[in-house]
Amino acid sequence: MSRHPFSKKSLTAAITPWLFLLPSIVILVTFLAIPIIEAFQWSFLDYKIIADTSEFVGFANFKEIFSDEMFWMAFVNTILYVAIVLPLNIFLPMILAVLVNQKIRAVGAFRVLYYLPVVTPIVVAALMWKMLYSQDGTVSNFLVTLGIIDSPMNFLTNTTTALIAVAFITVWKGLGYYMIMYLANLQSIPKQVYESASIDGANGIQQFFKITVPMMVPSMTLVSVLTIINGLKVFEEIALTTNGGPAGATTTLVMYIYDKFMNLDVSIASAAGLVLLLLAIIGSLIQMKLTSGREDDLKA
Amino acid sequence: MKAKAQTKKIILYIVMLAICVVTVGPFLYTLFIALKPATQGIYDGLLPANPTFANFVDAFYKTDFLRYLLNTVIVTGIAVPFNLLFSSMAGYALARMNFKGRSIVLTLIISTMTVPFQLYMAPLFQIAGELGLRNSYVGLAVLQISTAFGIYFMRQAFLTVPKELEESAYLDGANRFQVWWKVAMPLVKPTLISLAIYTFTFTWGDYLWPLINTTESSMYTLSIALAQMSQNFDGGNLKLISAASILTTIPSLLIFIWLQKYFISGQTDGAVKG
Chain A
1 MSRHPFSKKS LTAAITPWLF LLPSIVILVT FLAIPIIEAF QWSFLDYKII ADTSEFVGFA
61 NFKEIFSDEM FWMAFVNTIL YVAIVLPLNI FLPMILAVLV NQKIRAVGAF RVLYYLPVVT
121 PIVVAALMWK MLYSQDGTVS NFLVTLGIID SPMNFLTNTT TALIAVAFIT VWKGLGYYMI
181 MYLANLQSIP KQVYESASID GANGIQQFFK ITVPMMVPSM TLVSVLTIIN GLKVFEEIAL
241 TTNGGPAGAT TTLVMYIYDK FMNLDVSIAS AAGLVLLLLA IIGSLIQMKL TSGREDDLKA
Chain B
1 MKAKAQTKKI ILYIVMLAIC VVTVGPFLYT LFIALKPATQ GIYDGLLPAN PTFANFVDAF
61 YKTDFLRYLL NTVIVTGIAV PFNLLFSSMA GYALARMNFK GRSIVLTLII STMTVPFQLY
121 MAPLFQIAGE LGLRNSYVGL AVLQISTAFG IYFMRQAFLT VPKELEESAY LDGANRFQVW
181 WKVAMPLVKP TLISLAIYTF TFTWGDYLWP LINTTESSMY TLSIALAQMS QNFDGGNLKL
241 ISAASILTTI PSLLIFIWLQ KYFISGQTDG AVKG
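Line by line, the protein sequences are chains A and B. The numbers in this note's numbering rise by one with no breaks, and the one at position 128 of the first sequence is 128. The numbers in this note's numbering rise by one with no breaks, and the one at position 73 of the second sequence is 73.
Each hint should be verified, as a subset may be incorrect.
Pair ranges (Cβ atoms, derived) [claimed, not checked]:
1) Ala3(B) with Pro246(A): 52 to 60 Å
2) Leu285(A) with Asp64(B): 42 to 50 Å
3) Gly204(A) with Thr160(B): 32 to 40 Å
Calculated cross-link-like contacts (lysine-lysine; reagent style BS3-like; alpha-carbon spacing at most 30 Å) [as the list claims (entries may be wrong)]:
4) Lys261(B) with Lys191(A)
5) Lys9(B) with Lys191(A)
6) Lys210(A) with Lys9(B)
7) Lys191(A) with Lys2(B)
8) Lys233(A) with Lys63(A)
9) Lys2(B) with Lys103(A)
10) Lys210(A) with Lys4(B)
11) Lys9(B) with Lys261(B)
12) Lys103(A) with Lys191(A)
13) Lys8(B) with Lys191(A)
14) Lys210(A) with Lys191(A)
15) Lys8(B) with Lys210(A)
Which stretches of chain A does chain B cover? Using the computed rule of at least three CB atoms under 8 Å from a CB of chain B, they are [as the list claims (entries may be wrong)]:
16) 30-38
17) 255-262
Just so you know, these hints were derived from the structure itself, not from any lab. Note that the Cβ used here is the ideal one computed from N, Cα and C, for glycine as well.
Isolated chain A, as found in the complex (with noise of 0.2 Å):
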C-alpha cells in the first residue's frame, strides 16, 4: 500500500477514511448511539417526557418491573414464544432448502414462491393470518375436516391456542429467510460425500440424517441465534392480530414495553428494554461462540 500516491500526503491519507465514514457516523451518533445512551440514562431516573424534569431514583425502575407480575408474564410468554419458535425455524427450513436444491426442473420458482412471505409487509402477514384464524377460517375448517378439533374455533382469542397461532406467523415469514441460509451451507457440502454414501447403498432418508443433518450443524446455530434474538423483539405479529390478548395470553416484552411507552412511563419501558437487551446480548454471547466454533467447523 505505500506506493500509492496518497501516502505522500499524509493529512489527506489521514482524513480520508473518516470522510467516508462521515455521514454514517452522524446518522448513526444521532440515531442510535445518543437514543441508545438516553435510554440508559433514563432507566435510572423517573423522567417525566412532557414536562421534561427528571429525578435519580437508583435502581427504582427496576424494582418496580421486577415485582409487577405483568412483566413477570410477559418475561415468560417471550421465553415460551421463542420455545414454539425455535425448533420449527431450525428444522422446516433446513427441509425446504433440501427440497429447492435437487436438480430439478422449475426449482427456481418453487425457491421464489417459499421466499414470497419474507417480502410480504407484516401488517399484511398479520392481517391475512388474523382472517385464516378467524372461526369461520380456513385453519378451524381444515382442523374440523382432519378430526383435530371438534367444533370451528378463533385461535387467536383462545388462551391455550393465541401464542402458539401468532407464533405460527412468525415461523410462516421466516421459512424462506432461513431456507436461503441452509441452503448457502447445503451447496458447500461436497457432492462426493453423497455419492461415496449412495455407492454404499444409504438412501435418500438415510443421507439426509446421516450426512445432511450434521453437516448443517453451523448454519442450524445461526438460525437458532438470529431466531433468538429476533424472537425476543416480537411485536408487529401479536400487536396487530390479539394486541396481547386474551387475559395476556400473548403479551410479550415487547408488548409491555410499547405499553409503558404509550403511558409515557418511559423510565420503566427503558428499564424494561435493558432488561430485553441483557436477553440479546446473551443471545449474541452464544453466536459469536458458536460462529468461531463454525470457522473450525469448515477448515476441518
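Starting from the known structure of chain A, arrange chain B on it as the hints suggest.
Chain B alone, transformed into the frame defined by chain A:
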C-alpha cells in the same frame, strides 16, 4: 430403474407443491376475499362466486390509498439510495483503509446490531421531535438512511474484491474516491442489490417506528393505514382491507421477482466464498 426415478420425482413435486399451499395460500385466500362481491359473505365459500374488482376500486376511492402509497414510495425512495450510498462508503473505509480507530469503529457498529429498537425508541421519538422530524418523510426514513447492518454487509463484500484491481487503478492515477466508485462498487453489485431488497422490504413494511413518529393521518404509510383500517374489523370493511393488503404487497413482490436472480444466488455465492 427409470420408472422408480420418475415416481420419486413425482412425489417430490407433490411435496413441494403442498408446501406452496402453505407459503402462497394465504395470499390467494386474501385475494379471493378481495374479489368477492358485496352479496357474498367473507367466509362464504373459498372462491368468489362472481369475481369483482369493486373492492379494489373502493380501496382507491374510499380511502386515501394514493396518498399512503405516495408517502410509502417517498420514504422508501429516500431510504434505499441513501443506505446503499452511505453504507457502502463506510463499509469500504472499514474494509480497505488503514487508519487509527478502525477496529473500534467496526466493533461499535457491530455491537449496536444487538440492541433492540424498542430499547431506544422513546429517546429516538423525543430526538425526532426536537429536530422537527415528526410527521416528515426524512423522519420516517431515519432508521434506514445508514444502517449498522448495511455497513457490516458491505464491508464483508468489499473484503472479497481482489486488491490487485484497485492497485492497478491507483497506478493509472485514480484517487481513493474514484477507485471506490469505479472499481470496487461494480464488483459488489450482487451485495448492493441484496442490501437494496433488504432496505426496501424493511422500509416498505416497517410498522413500529412510523406508528409512533406519525401523528397526522396525511403522513401515514401503507402499513399504518392498513393497521388503522383494520381497527374497525367488520364484514364490509374486510374485503376492502384484503384488496388494500394485496395492493400493498404487489410492489414488494414485483421488485423481489425482478431482482431475485441476483438476490438468491448472490446471497448464496457470498456465503460459500465467505
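Of the numbered hints stated earlier in the document, which are not met by this structure?
Result: no hint breaks.
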